[in-house]
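> Spelled out from the first residue to the last, the chains are:
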Amino acid sequence: MDYSETEDVQQVHAAIQREKREPRVGLEPLSIWLIAVYGLAVFFGGAYLGRFAGNFSGDGLDPLGGAPRVAKAGSSVGGAEVAQLGPVDRGKKIFSANCAVCHQPSGLGAAGQGYPPLAGSEWVVGSTKRLGMILLKGLEGPITVKGQQYGTAVMQPWEKTLTDAKIADVLTYIRQEWGNTAGPVTAEGIAALRKEMAGHTGSFHADDLNAIPADAMLAGGEAAAAPAGAPPAGGASPAPAGATPPKP
Amino acid sequence: MTPAEIPLTPPSTAAVALPVENGVTRSDVEQVERALIDASTRVPVLIFYTSAIVWLLLATLLTLLASLKLHMPDLLGGVAFLTWGRLRPAQMDVMLYGWASMVGIGTAIWLMARLSRTTLRHPLLLVAGAGFWNLGVLVGVIGILAGRSTGYEWLEFPPFAALILFVAYSLVVSWAVLMFRFRRSESIYITQWYLLGAFLWFPWMYGAAQIMLFVVPVQGVMQAAVNWWFANNFLYLWLGSIGLGTAYYTIPKVIGRPVYSYHLAAIGFWTYALFASWTGMQRVVDGPFPAWMITASIAAAILAIIPVATVGLNHHMTMRGNFPLMRYSPALRFTVFGAIAYTVFSLVGVLISLRSVARVVHFTEAGMAYTQLGVYAFFTMVMFGAMYYIVPRLVGREWRYASLIKLHFWASTYGIGLMVLMLFAGGMVQGFDLNDPALPFSETTQTILAYLRGQTLASLLLAVAHFVFAAHFGMMLFGLGRTASMPTFLNPQADDVGAHV
Amino acid sequence: MKGLLPLILGIFGTFAFSWAGLTLIPNAQIGHLDPQTDEEGLDAYPAPKSGLAVRGQQVYAANGCVYCHSQQVRADYAGSDIERKWGERRSAPRDYLFERPVLLGKSRLGPDLANIGKRSAVEEPEAAAAPAAAQPAPAGAGASAQPTANASAPATDVRPEGGPAPAPGAPPAASPAPVAAVAAAAPNTAAPVTTVNGEPALYSTAWHHRHLYDPRSFVKHSNMPAYRFLYEKRRIGGEPSADALQLTGDDAPLEGWEIVPTYEAKSLVAYLMSLDQSHPLKEVKNTTVAAPAASPAAAPPTEGAAK
Numbered sequence: 000m001d002y003s004e005t006e007d008v009q010q011v012h013a014a015i016q017r018e019k020r021e022p023r024v025g026l027e028p029l030s031i032w033l034i035a036v037y038g039l040a041v042f043f044g045g046a047y048l049g050r051f052a053g054n055f056s057g058d059g060l061d062p063l064g065g066a067p068r069v070a071k072a073g074s075s076v077g078g079a080e081v082a083q084l085g086p087v088d089r090g091k092k093i094f095s096a097n098c099a100v101c102h103q104p105s106g107l108g109a110a111g112q113g114y115p116p117l118a119g120s121e122w123v124v125g126s127t128k129r130l131g132m133i134l135l136k137g138l139e140g141p142i143t144v145k146g147q148q149y150g151t152a153v154m155q156p157w158e159k160t161l162t163d164a165k166i167a168d169v170l171t172y173i174r175q176e177w178g179n180t181a182g183p184v185t186a187e188g189i190a191a192l193r194k195e196m197a198g199h200t201g202s203f204h205a206d207d208l209n210a211i212p213a214d215a216m217l218a219g220g221e222a223a224a225a226p227a228g229a230p231p232a233g234g235a236s237p238a239p240a241g242a243t244p245p246k247p
Numbered sequence: 000m001t002p003a004e005i006p007l008t009p010p011s012t013a014a015v016a017l018p019v020e021n022g023v024t025r026s027d028v029e030q031v032e033r034a035l036i037d038a039s040t041r042v043p044v045l046i047f048y049t050s051a052i053v054w055l056l057l058a059t060l061l062t063l064l065a066s067l068k069l070h071m072p073d074l075l076g077g078v079a080f081l082t083w084g085r086l087r088p089a090q091m092d093v094m095l096y097g098w099a100s101m102v103g104i105g106t107a108i109w110l111m112a113r114l115s116r117t118t119l120r121h122p123l124l125l126v127a128g129a130g131f132w133n134l135g136v137l138v139g140v141i142g143i144l145a146g147r148s149t150g151y152e153w154l155e156f157p158p159f160a161a162l163i164l165f166v167a168y169s170l171v172v173s174w175a176v177l178m179f180r181f182r183r184s185e186s187i188y189i190t191q192w193y194l195l196g197a198f199l200w201f202p203w204m205y206g207a208a209q210i211m212l213f214v215v216p217v218q219g220v221m222q223a224a225v226n227w228w229f230a231n232n233f234l235y236l237w238l239g240s241i242g243l244g245t246a247y248y249t250i251p252k253v254i255g256r257p258v259y260s261y262h263l264a265a266i267g268f269w270t271y272a273l274f275a276s277w278t279g280m281q282r283v284v285d286g287p288f289p290a291w292m293i294t295a296s297i298a299a300a301i302l303a304i305i306p307v308a309t310v311g312l313n314h315h316m317t318m319r320g321n322f323p324l325m326r327y328s329p330a331l332r333f334t335v336f337g338a339i340a341y342t343v344f345s346l347v348g349v350l351i352s353l354r355s356v357a358r359v360v361h362f363t364e365a366g367m368a369y370t371q372l373g374v375y376a377f378f379t380m381v382m383f384g385a386m387y388y389i390v391p392r393l394v395g396r397e398w399r400y401a402s403l404i405k406l407h408f409w410a411s412t413y414g415i416g417l418m419v420l421m422l423f424a425g426g427m428v429q430g431f432d433l434n435d436p437a438l439p440f441s442e443t444t445q446t447i448l449a450y451l452r453g454q455t456l457a458s459l460l461l462a463v464a465h466f467v468f469a470a471h472f473g474m475m476l477f478g479l480g481r482t483a484s485m486p487t488f489l490n491p492q493a494d495d496v497g498a499h500v
Numbered sequence: 000m001k002g003l004l005p006l007i008l009g010i011f012g013t014f015a016f017s018w019a020g021l022t023l024i025p026n027a028q029i030g031h032l033d034p035q036t037d038e039e040g041l042d043a044y045p046a047p048k049s050g051l052a053v054r055g056q057q058v059y060a061a062n063g064c065v066y067c068h069s070q071q072v073r074a075d076y077a078g079s080d081i082e083r084k085w086g087e088r089r090s091a092p093r094d095y096l097f098e099r100p101v102l103l104g105k106s107r108l109g110p111d112l113a114n115i116g117k118r119s120a121v122e123e124p125e126a127a128a129a130p131a132a133a134q135p136a137p138a139g140a141g142a143s144a145q146p147t148a149n150a151s152a153p154a155t156d157v158r159p160e161g162g163p164a165p166a167p168g169a170p171p172a173a174s175p176a177p178v179a180a181v182a183a184a185a186p187n188t189a190a191p192v193t194t195v196n197g198e199p200a201l202y203s204t205a206w207h208h209r210h211l212y213d214p215r216s217f218v219k220h221s222n223m224p225a226y227r228f229l230y231e232k233r234r235i236g237g238e239p240s241a242d243a244l245q246l247t248g249d250d251a252p253l254e255g256w257e258i259v260p261t262y263e264a265k266s267l268v269a270y271l272m273s274l275d276q277s278h279p280l281k282e283v284k285n286t287t288v289a290a291p292a293a294s295p296a297a298a299p300p301t302e303g304a305a306k
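Here the protein sequences come in this chain order: B, F and Z. Under numbering that gives the first Met the number 0, residues 0 to 247 are what the first sequence spells out, in order. Under numbering that gives the first Met the number 0, residues 0 to 500 are what the second sequence spells out, in order. Under numbering that gives the first Met the number 0, residues 0 to 306 are what the third sequence spells out, in order.
The set of hints was computed from the structure by calculation and includes no laboratory data. Backbone N, C-alpha and C fix where the C-beta goes; we use that ideal spot for every residue, glycine too. Just so you know, not all the hints are guaranteed correct.
[Stated by the list, open to error] Short derived list, chain Z residues pointing at chain B, Cβ under 10 Å:
no., residue
1, P25
2, S90
3, A251
Put together the whole structure using the sequences plus the hints.
Written out as structure tokens, the structure is:
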């Protein structure tokens, strides 16, 4: 293509001939009002950053800072902090992880394999001391639940696997699930029971349990008000006596 | 006198009293030097320009089809590779990598050569670079349409296409290094700052994004952070830098007057590099990120008012008294439109990123309006201006029809204006609708259908503009331009006007 | 500017600042999260996706769903996402641990999908009675492993007209299947997908397939494109396929033909069904009524009442 290329000075393309020099730069100073604009931008930018930076933390999803980890007292309506599940919710997890295999998520047990039900069981909603003993040390031999004989299966001891708090949580859960409406169990009560039963070796039998009065409740001092983080609802400390249903 | 005999001495910066040596004025020397430089850049720049325009036409068609399908969803419904979800990224990426990047590189080559006052060495490197770049975009677009999109916005090209782009880019950069190595100008002009910045920033942002997304992928939402960090830097520091650098050349060059203030230029450049690079996360405002990241980007957007005001003022003061020249010079008219759009773009960017506003406009079409302001109203218009200036010097002909230039200008101005207006208004309506939970979702999309039809109309106008421009450019390419000593003015020029288009 | 060196140093310095600030430092902060577990190390969330869902994620990305559908729920102070029942809580970085690519999206020409898989499953029975009417009727429309879905409409985005098909004013619903109070035990009941007037329940697998095949059969004026190329039309040889789409009206294939989802379509729907951010996270407070537990009494049917 002929783009009128030329090597002759006199015939440089017209566009280049008439062209102005390559641009240069003047040296005008800054005006005051421009500096004022700078000041405003810096001010607002800085203020914005300061106000909405959420403390520059990796957890601070909320621009106004204050990681939502700790619910401000009385401020939030749905006060139930997800991080702080109630004992029932914690107990449910412990239950589905450890107990549901035999007793079933439905709490109905599996009579065929010899696993007694928990739903409506007098052993569950009755004496928390008996219940605590079963959990800590396990249970062997025949036992009658809801008028039916069980005993082909063995309940293993949980004292080494679960902490006091977890035992308390899972007991609270099974006492309040599937239509059960018995009172909660506290970690302190389990701790005391654990101390009391420390000398006992081997699992309990039905006779050992029947030796304990049917209304024997574990201590759950109101001062103990449950482990840190339990919402107030869970702290309904021991009003269990009334909640205990009559023995069959 | 042959080129070899021309005494290429550095000219003085003073414009006055060009001395005469052996009957040849310094002005003559400079003219020959320019002619030589233009001759050396002709082939690569025209190749980049031609490719860019072909991609622009493709992007135009894809945009039109995508825009139509938004309110006519059953149009070509059964064709897998033309489904809307593939057209949309294909259209955007052709626009960004095919058109914007190639026209930007082409312009940057020419500007760098002129400003470094050196002829282009090894133009074949650049021709190869253009070839690879075209191949990369082609492979990438085919990849997207064939269903190989990566799903990261603006990075949809399959990784192997990105690899080809990288080869292309290193060829271009090796040229840039050579050019700088042999520069003969004693000071580095403002445009060169921006271009140098763009050329160093681009491989960094693109490489970092590719590595952090595909080679050693970061976890979870960090991918989105890298994605938007890249996308905004692509817009600001790659396209934006080239666009601003070009405007810093075209405006003073055409009106023949120095840039108003060096100080403003320096402040504008460094604050731009510092603050504009921090924006990006405001695009995911209120998203699943630590709040400080988003807030930092919003604050950076606010602080970016500093460079915007500075550059805007610098351009304005340079232009002062010469605004009537826009009546005649196509280059100036497009460039000034683009420079003004840059200010609007940045201010809109600040506005829609504020949390209180984002509450309404986030997730709406207003975000698209913002992108279009940046990519089209600012960058593309500045590039059109530069092409109207540069192409006649490369092909040795003047633009043939002033009427075509006028048609191009008005069609693209009204087109982009209408598009931004429709998207922005539609976005506001959509935002208020979305925030009204009583309104069923399906109604929120229905209300903006009218605006989306408006967008189609706007795309149609832009298509007219682009095809007119492409035809005009084609005439120039095939030597059908006018041979005349006077440039093609948009309007008959009065005697006393000194536009040097 | 005279020197090249300060220019280049400045160019590198400014960008390094932004690179470190917006990608490296955040990556150190939130780039190495672990799934959240409870004290026992159980109940891990989020869990990796199934292979089919991972494939579906690619289909989702390849077909550009992300350009219309976001996958993030904003907090209650920043929009009406939660009121629109797109989620019970805002999204957090941890929700996306296993997402690759992360498809947050920044446009909502279509509804948010962060919890679309969850929304299919359990809705409050009260809500079911409210809007678009639900009548469970077993029909083998597509095999699915979900628990018996109710078919409530969150009312926000679903056919306000009552749908094009058979009965516009369906009778108020009998409450759907015994909503899984004991959720953990429920799935093995292997209930067929609940259907509404012979149509698949909202956001069930069968619903998604039909919606992808013909969006306007559910939402009359939807501008979502149909994804028919993800479905295969073939002649029935012998027994009809179990996963063939149950289509009515204009979409119904000719006698002796059936329309079945391809592998892509199945994986895409598997991906959609896997989208669920309902699990509580420590770092996010639940903004709606807490009690994600089994109690169905929680949610007042505000949505239904509104429209």
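> What are the numbers of the hints that this structure violates, sorted from low to high?
Going through the list in order, the structure violates hint 3 alone and respects the others.
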